[in-house]
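Engineer: Residue numbers (this note's numbering), protein chains in the order written: chain R, 1 to 134; chain Z, 1 to 134; chain P, 1 to 134; chain E, 1 to 134.
A portion of the hints provided could be inaccurate.
Since the list gives no way to pick one copy over another, a pair counts as held whenever it fits inside one copy or between any two copies.
Here are the simulated SDA-like pairs of lysine to any residue, each with C-alpha atoms no more than 25 Å apart in a straight line [what the hints assert, rightly or not]:
no. : residue 1 : residue 2
1   : K117      : V82
2   : K117      : E92
3   : K117      : V65
4   : K117      : S45
5   : K117      : E60
6   : K117      : E71
7   : K117      : E48
8   : K117      : E49
9   : K117      : V5
10  : K117      : P66
11  : K117      : E127
12  : K117      : Q16
13  : K117      : E46
14  : K117      : A134
15  : K117      : V9
16  : K117      : R58
17  : K117      : R83
18  : K117      : E6
19  : K117      : Q4
20  : K117      : E76
21  : K117      : A72
It is worth saying that the hints were derived from the structure and are not from the lab.
Protein chains: 4
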Amino acid sequence: MTGQVETRVRYAETDQMGRAHHSHYIIWCEMGRTALMREHGASYSELEERGVMLPVTRVEIEYRVPLVYDEAVRIETRIRSVRSRSVTFEYEVYRSEDEVQVARATTTLVCMDEEGKTRRMPEDVLEALRAAAA
Amino acid sequence: MTGQVETRVRYAETDQMGRAHHSHYIIWCEMGRTALMREHGASYSELEERGVMLPVTRVEIEYRVPLVYDEAVRIETRIRSVRSRSVTFEYEVYRSEDEVQVARATTTLVCMDEEGKTRRMPEDVLEALRAAAA
Amino acid sequence: MTGQVETRVRYAETDQMGRAHHSHYIIWCEMGRTALMREHGASYSELEERGVMLPVTRVEIEYRVPLVYDEAVRIETRIRSVRSRSVTFEYEVYRSEDEVQVARATTTLVCMDEEGKTRRMPEDVLEALRAAAA
Amino acid sequence: MTGQVETRVRYAETDQMGRAHHSHYIIWCEMGRTALMREHGASYSELEERGVMLPVTRVEIEYRVPLVYDEAVRIETRIRSVRSRSVTFEYEVYRSEDEVQVARATTTLVCMDEEGKTRRMPEDVLEALRAAAA
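Could you put together the complete structure from these sequences and hints?
Structural biologist: Take a look at the structure:
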């Protein structure tokens, strides 16, 4: 199953090349990921209240087509794989106007406790992620 | 007494007008303020560990001269006034190369506990701020 | 007339106090302002293509209630005053869930040419802004 | 040859996990890359004035150890490979206090003209990058 979010390139997200700066795509992917997780009953805020942290440990991103100010973008997020201690998401970023794919990314997150030690994900979170991946 | 910090306009801080976007100055002021407080023995991290929060409740900023990519800027921070529950800082931002003043700002912060209730600042913090203001 | 935009507090916009960092409100206000201008036929991109720049020269913002991750916010933007060379906007930021006003701001923008010299706004832009202000 | 830059985790760069948000590392790497290029006589600003754009087309980053507010970090940048139309940089990010490596990254940039068409890098830029890579 896919989570979808839409956003627009903010003026503050442009750089002097007149494009959306590449660092912001990482944040748009995060919007997609957190929306997907929320839809499947595993919201970040709730996880953190339970002492479960999911920091990003790896990002790969490929930029294909530049985006300019005010263009609408759609981020499609999928879960590529779920392990007991980590989860990998993949993202496709589309320019809404013409459905051109402008970027692709993957990120891996590792489950940690409040002291920063790797831990097994709680069973309900694992199940939610596996359901989302199916 | 004055706290001074220096930074350079990062490429990611430019916008499509080819200037440093105005939102980043707020963050540079924060760098100046936290440096000043640290120098006077009232570091943000330590305050927060003690359950003392200092959220910003008011910002005023005047932009006089635009900054471009890679220009060095110096932020001079002073404490304008200290009250038992709030503190007001003022900032002057200079372009290092020619000492031109490019912006001026003031911010007010209110002391709160972890539940977000206004509270009196701890005595040692009040003293540190008053010493810094002198 | 009022321009309205909605956004959600992004995870990347939180800080270690667990709140939306105060610098991001400036960017949300910009979203409201640029949307209002676009609705009235004066889009930033078009203005800049015509050599008309509208840098922000003054910001005042008052933070009343903190926002946390994932809360929806609505920004209402109005034009307070229009002059031949400058325009002042005012903003009210609401937490969508309960309509609590969380922040208020004003910003002033000055019309400049590509060399950074103050100039009179083009007639059509002045008219658009005055119509928007009415 | 290596370019080195230092920065400190800004308060605004923290997130509600109490760590430096992962998106900012991308910007620190950019600081390292632009400093390295400047040292070798190929400053971004000058390139762009000549109509030579170097947008980032690929980022890979691995986060090993979290960083907290106010920690000093050092970014070491090297050129991994230079081609006539693209260049790949690699980065090591260290926590200054104890020299722990906290992240590693690579980015690829492609040379484009002002219309966004891939083009060969100017000879002097190629030479500067090859010298920097040696």
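Engineer: Would you mind marking each hint as holding or not holding in the structure?
Structural biologist: Each hint tested on the structure:
1. K117 <-> V82: within (19 Å within a copy, 39 Å between copies)
2. K117 <-> E92: The answer is between: 23 Å across copies meets 25 Å, while 31 Å in one copy does not.
3. K117 <-> V65: between (39 Å within a copy, 11 Å between copies)
4. K117 <-> S45: both (19 Å within a copy, 22 Å between copies)
5. K117 <-> E60: Both: 24 Å inside a copy, 24 Å across copies.
6. K117 <-> E71: So K117 and E71 pass the 25 Å test across copies only (20 Å; inside, 41 Å).
7. K117 <-> E48: both (14 Å within a copy, 23 Å between copies)
8. K117 <-> E49: Both: 16 Å inside a chain and 21 Å across chains, each within 25 Å.
9. K117 <-> V5: Neither: 31 Å inside a copy, 30 Å across copies.
10. K117 <-> P66: between (38 Å within a copy, 11 Å between copies)
11. K117 <-> E127: Result: close within a single copy only, 21 Å intra versus 39 Å inter.
12. K117 <-> Q16: between (41 Å within a copy, 18 Å between copies)
13. K117 <-> E46: Intra 19 Å, inter 23 Å, cutoff 25 Å: intra and inter.
14. K117 <-> A134: neither (28 Å within a copy, 40 Å between copies)
15. K117 <-> V9: between (36 Å within a copy, 22 Å between copies)
16. K117 <-> R58: within (17 Å within a copy, 30 Å between copies)
17. K117 <-> R83: For K117 and R83, the Cα distance is within 25 Å only inside one copy (16 Å; across copies 42 Å).
18. K117 <-> E6: neither (34 Å within a copy, 28 Å between copies)
19. K117 <-> Q4: Intra 31 Å, inter 31 Å, cutoff 25 Å: neither.
20. K117 <-> E76: For K117 and E76, the Cα distance exceeds 25 Å both inside one copy (30 Å) and across copies (27 Å).
21. K117 <-> A72: Between copies only: 23 Å across chains, 39 Å inside a chain, cut-off 25 Å.
In summary, the structure is inconsistent with hints 9, 14, 18, 19 and 20 from the numbered list given earlier, while agreeing with the others.
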